[in-house]
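Participant: The chain contents come next:
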Amino acid sequence: MTADGGPELVQLLTPEGERVHHPDYDVDLTPDELRGLYRDLVLVRRVDAEATALQRQGELGLWAQLLGQEAAQVGSGRALRPTDMAFPTYREHGVAWTRDVDPLQLLGLFRGVTNGGWDPHEHNFALYTIVIGDQCLHAVGYAMGVQRDGTDDAVIVYFGDGATSQGDVNESFVFASVYNAPVVFFCQNNQWAISEPLERQTRIPLYKRAHGFGFPGVRVDGNDVLAVLAVTKAALQNAREGNGPTLIEAFTYRMGAHTTSDDPTRYRVAADLEAWKLKDPIERLKVYLARNGHADHAFFDAVEAESEALAVRLREGCRSMPDPAPDSLFDHVYAEPHPLVDEEREQFVRYHASFAGGEH
Amino acid sequence: MTADGGPELVQLLTPEGERVHHPDYDVDLTPDELRGLYRDLVLVRRVDAEATALQRQGELGLWAQLLGQEAAQVGSGRALRPTDMAFPTYREHGVAWTRDVDPLQLLGLFRGVTNGGWDPHEHNFALYTIVIGDQCLHAVGYAMGVQRDGTDDAVIVYFGDGATSQGDVNESFVFASVYNAPVVFFCQNNQWAISEPLERQTRIPLYKRAHGFGFPGVRVDGNDVLAVLAVTKAALQNAREGNGPTLIEAFTYRMGAHTTSDDPTRYRVAADLEAWKLKDPIERLKVYLARNGHADHAFFDAVEAESEALAVRLREGCRSMPDPAPDSLFDHVYAEPHPLVDEEREQFVRYHASFAGGEH
Amino acid sequence: MAVTTMAKALNAGLRKALERDEKVLLMGEDIGKLGGVFRVTDGLQKDFGEARVIDSPLAESGIMGTAVGLAMAGYRPVVEIQFDGFVYPAFDQIVSQIAKHRARSGGRTPMPVTIRLPFGGGIGAVEHHSESPEAYFAHTAGLRVVSPSNPMDAYVMIQQAIACDDPVVILEPKRRYWDKADVDESVDIASAPSPFTARVVRPGTTATVACYGPMVRTCLEAALAGEADGLDLEVIDLRSVSPLDIPTVAASVRKTGRLVVVHEASVFLGVGAELAARITEECFYSLEAPVLRVGGYHTPYPPSRLEEEYLPDLDRVLDAVDRALAY
Amino acid sequence: MAVTTMAKALNAGLRKALERDEKVLLMGEDIGKLGGVFRVTDGLQKDFGEARVIDSPLAESGIMGTAVGLAMAGYRPVVEIQFDGFVYPAFDQIVSQIAKHRARSGGRTPMPVTIRLPFGGGIGAVEHHSESPEAYFAHTAGLRVVSPSNPMDAYVMIQQAIACDDPVVILEPKRRYWDKADVDESVDIASAPSPFTARVVRPGTTATVACYGPMVRTCLEAALAGEADGLDLEVIDLRSVSPLDIPTVAASVRKTGRLVVVHEASVFLGVGAELAARITEECFYSLEAPVLRVGGYHTPYPPSRLEEEYLPDLDRVLDAVDRALAY
Ligand SMILES: Cc1ncc(C[n+]2csc(CCOP(=O)(O)OP(=O)(O)O)c2C)c(N)n1
Ligand SMILES: Cc1ncc(C[n+]2csc(CCOP(=O)(O)OP(=O)(O)O)c2C)c(N)n1
Ligand SMILES: [Mg+2]
Ligand SMILES: [Mg+2]
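As given, the protein sequences belong to chains Y, Z, A and L, one line each in that order.
Last residue of the first sequence? That's 361 in the working numbering, and every number before it is there in order.
Last residue of the second sequence? That's 361 in the working numbering, and every number before it is there in order.
Last residue of the third sequence? That's 329 in the working numbering, and every number before it is there in order.
Last residue of the fourth sequence? That's 329 in the working numbering, and every number before it is there in order.
Here chain Y stands alone, though its shape is the one from the complex (with noise of 0.2 Å):
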């Protein structure tokens, strides 16, 4: 495999920060829209770096970094509707942000105060989901809702590479050929599922799995946001169209560690990470914005300043943030009532009151 993507890559902006020209892929955008998503990449990296160290710090349990994924995240997450629905595995803070939510409910999560957070409904982004490749077959399913509805809507799920050797995942793939289902399938190839370098998953690029499944596959440089963007919103455009599912695998890295509790030193070498540093996402769209002149100093400083007032931001709200109740542990498991829950939330209460009327 190689490890510039090969070929086959599509790639819009070098990274160099050169704009190059595809025959199948293009996008149009105004400086307006350059500049917006590269605020974007910029506040999506400042709260993987807060939440991070807010992680050291000890106020959340764990964190999942993106770092170096930020194209491959904004870039697809942009090219959604507002009435698309995205499924996210735990590491989408990136489309998280692009779906308008907040990342203080990101940290809840991690922080251990709950294990959703937004409203999916609202924010037509599913909950983020731990078991690896179980969206797959959500957004699959969601996709033949849909189709039900007879709506133009359409839906992307996004996984890993390692996720590709799950079962799940692919029953998803024979699904959604099978039924036409409108979902796109985004495969961000970080190059590793925590330890296991992606020659433990495949013997061949991945995007050519969808191949084997009769639907497109197309590989894309994931730290280019225009691509990323183009190739997404061209996949989506064909779901749209009743053309069925696309698989995009997004060849990016993993520049982090797999999560905080992570150390990559034991498994990876520090040479592929300064080759990666070179291919950063948001690197190359500095220099194509400020070489076009499509921004200047004061912009850049302006994306500073909110990143700074962002950062404040959720390092108050997450250190304010409460603890959620205990009997809350009740809540919401059943949406009728329930005699033994019931019961055990009332012995509960009742034997949390004891101890506060100092019985023990």
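Just so you know, the hints here were simulated from the structure itself, not pulled from any lab data.
If you're wondering where the values come from, they're calculated on a predicted model, not measured in any experiment.
Idealized CB from N, CA, C, for every residue including glycine.
Please note that the accuracy of each hint is not assured.
Here are the computed distance ranges between Cβ atoms for each label pair [as the list claims (entries may be wrong)]: (1) Ser-321/Z x Lys-257/A: 49 to 59 Å; (2) Asp-153/Y x Gly-51/A: 43 to 53 Å; (3) Ala-53/A x Pro-83/Z: 46 to 56 Å; (4) Tyr-287/L x Ala-227/A: 23 to 33 Å; (5) Ala-4/Y x Glu-19/Z: 47 to 57 Å; (6) Gly-76/A x Asn-244/Y: 18 to 28 Å; (7) Gly-51/A x Arg-320/Y: 52 to 62 Å; (8) Thr-199/A x Gln-348/Y: 15 to 25 Å; (9) Ser-188/L x Glu-310/A: 45 to 55 Å; (10) Tyr-287/L x Glu-310/A: 26 to 36 Å; (11) Pro-323/Z x Ser-188/A: 48 to 58 Å; (12) Ala-357/Y x Gly-51/A: 57 to 67 Å.
Position chains Z, A and L with the ligands against the provided structure of chain Y, taking the given hints into account.
Facilitator: Using the frame of chain Y, we list chains Z, A and L with the ligands on its own:
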């Protein structure tokens, strides 16, 4: 999908019994070997017919017919070396035949006398697997064992067109390709998964699934015993030589019901059946043998007589098959002593003895 | 009011549910043209179309996982797993997603998925076609698990399960699919008793026998046979194994002083264990004997020629009653 | 004799097993270079090679299904499931194949597969990382299920599990991975007590507390705290949840007259239910109180900020003992 298997179909013997050639595959068999294959096909069909009859007579609880799939099974089974291992579904009576499993042992399973029947190690033929797709992973694991043993044995695993939708089957493709395991995936595409036509499982030919996982897939005329033999031998050889897995799609047709419990008139039209009758796997070999002077009347008569004798033996053997001892249901659950099972068995025996004593 | 089989009653219930709510969808293997291997969905695809009665690829996790997505999209999927033994590939989607999703979402996303599971033995089938996996589901918080024992309950309970905003596993006792009884299709499911309550199907005084699904008929037969020996058994059809209707069972045990629990599933950690533990706690001073359990052994379900030895029958029920009375 | 953690003791036990029998193989996600997310397999791939310590694709059913095939080929696979909540995708291969295969084969094909499952809560993790799925496996005939509570047991039991010709699920209490104690590596596993027996870890007279895995330390702490209130609790480390060592528990209950069972898993149909049912049957006339159960609620495992409310602790154990004594 073309009903005749399309131009990709590997064929060495046409439905009319004409020997044709293929650029990639060939077999060179002696008349003796050709007659042997014919005998296999006829006797296997007879086993199937007798078992079906025995089920109708109430001697078996169920029977899964292979009618029409004899060539796919005999051709692939005869491609194996004795030390190769085969993993069947519940319909591989023809493969069982080539592995010297007494058909009576198959009858025992469908009679409800056992959930297994033969010694998998003695025959290098695993037990029938009823849960769709599970055996594909077993085969890959076994092949990983063969790799570690350092022999040049190969493994073959059977499954149906419907099975290709199962997560486990796709996971077995991942494991086999990633570990380059010496395994041949033999999919009998008999066009139906009970009542569901192939279109409910895939929208492209099944052999192409392999390409998505990075290994070769080939479609062979499953009603052509010579082509199946040639293609399977080549795939096994490939595996032996360390080139990893191959997917073979044997394009065939389930001429009978799914099982004796099924009523195919509810979901398929008679015309299809008529079209496939013209491609009968036995007829074409018979024509070829006769036309080329490889077999004479005496031979065909002898096979017929052997078939009659086999039928008699099966009928008698099945009818006189004893029920297992009641308390054998506690046998072999655990290899080492287990207090609960021991205790339950004791109570069971005591309880049954109480009836014998006329207490109840 | 018409005499019909449980399979036909389920069919009628499904038809009602499809008529009542256009968000109701059926999905499963062979449920379309074939009408399911037990014909429970017979004719429904023809009448409601392929978009609502969906033949799925052969992948149980796929069925269950897409049902989750359909539920998120506002549908009420009713999925059929062809046989009990084939539900295990879908276990992850059931346990980690369907059961937990509503709580995870803070109540925002209900999971009104109905899982139809023909279950239990006694039909002379090959391996994996006679399993009783209810304990796995009952132990799983977030699920509800019910099992009808007769056509009328089947007709009502399938509709109630579909109408319920929680995921419901409905265990259909396949050996009773062909049992016939009166079914009153005019019943209003909203005013019918909750499917999560038990029912005393035979009042009695000597001892209580609690059972569900396929064993209800067996236990009623045992009660009848017991009359000759002077036994007056109270038989409770639990109907729901999660939640369990403890008040109904406890009230009975307080009266009879003895409880025998009967199911096909293995006794070890079977539903009987929970009932024994709980009822002993509730009725400690009323129990004249420990709660006794009649059920499958700690072995895989045996080949069919041995299944009569494995399955609880009238004699084994009465034997347990005798043992309880001997205390 | 050296003081070491449970994680290191398991590592040493695995190393011994790999040394002793060349048919022993390890397979799992991230068990190679990384040494597993808990470092239990640290250094083993380096020393035994990639053919024996295998980093697998990210697919639990694949791991379990290939383990079945390896076992058929004469190997003794030891598979690691990274966290409890990720075992469900492998459920079908465990329940329908691993558990049943030996019986199906008439004893010809043993399934000496060891399933390592870091389990339980209390580590502040995100969802699916704190499950206690033991009841599912214990209810499944054909499996054995054990759980060590301390480094020494971990060292011995992992080797015994691997040496056992039956499939063994070994539940490793992940919150106790870093607990330290003496481990005697010179012990002969063949002459060590069977892993399928319980052990009285603290003799006492007031009441019996039965527990396993992570709850043993909790219950021992409760017993210690109870001394101040004049309680003399007998604590039994069950060690095996399937089979259960009934004689050891029954003997204790005959002495104390009271039993409290403690586990993290949901009480409803948890291991405590079986123990309650069975012990009540065995010790009906000795019990002064019903068997009481302390465990998880009938809810999904909560977000970590609430886990201390969910998990049984010293106070809840003593509260149950008090309630038992109040009868
Ligand atoms: C079913 C399941 N198995 C194992 C895990 C533990 N786990 C969490 S993330 C991960 C690696 C995922 O790799 P990949 O799919 O490439 O996504 P990435 O983390 O790289 O974004 C593993 C093994 C899990 N969450 N779910
Ligand atoms: C996991 C599982 N689901 C469902 C079934 C029920 N079933 C038995 S055979 C069958 C169809 C199989 O079709 P295919 O794979 O094409 O094989 P064929 O029967 O045509 O040989 C089904 C659905 C099963 N045995 N296992
Ligand atoms: Mg990855
Ligand atoms: Mg088929």
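Participant: Determine for every hint whether it applies to the structure shown.
Facilitator: Checked hints:
In this structure the hint that Ser-321/Z and Lys-257/A lie 49 to 59 Å apart at CB holds, the actual value being about 54 Å. Take Asp-153/Y and Gly-51/A: their Cβ atoms lie about 21 Å apart, and the range 43 to 53 Å is violated. A hinted range of 46 to 56 Å holds for the C-beta pair Ala-53/A and Pro-83/Z, which are about 52 Å apart. Under the hint 23 to 33 Å, the C-beta atoms of Tyr-287/L and Ala-227/A, about 30 Å apart, fit the expected range.
The hinted range of 47 to 57 Å is satisfied by Ala-4/Y and Glu-19/Z, whose Cβ atoms lie roughly 52 Å apart. The hint said 18 to 28 Å for the Cβ distance between Gly-76/A and Asn-244/Y, and at roughly 24 Å that hint holds. Separation of Gly-51/A from Arg-320/Y is about 55 Å and conforms to the stated range, judged on CB atoms against 52 to 62 Å. For Thr-199/A and Gln-348/Y, the hinted distance range of 15 to 25 Å is satisfied, since their beta carbons lie about 22 Å from each other.
Judged by the Cβ atoms, the range 45 to 55 Å given for Ser-188/L and Glu-310/A holds: they are separated by roughly 53 Å. For Tyr-287/L and Glu-310/A, the Cβ-Cβ distance of about 35 Å falls inside the hinted range of 26 to 36 Å, so the restraint holds. Checked against the hint of 48 to 58 Å, the C-beta distance between Pro-323/Z and Ser-188/A comes to roughly 53 Å, which is consistent with it. As the Cβ distance of Ala-357/Y to Gly-51/A is approximately 59 Å, the hint placing it in 57 to 67 Å holds.
When held up to the earlier numbered hints, the structure conflicts with hint 2 and nothing else.
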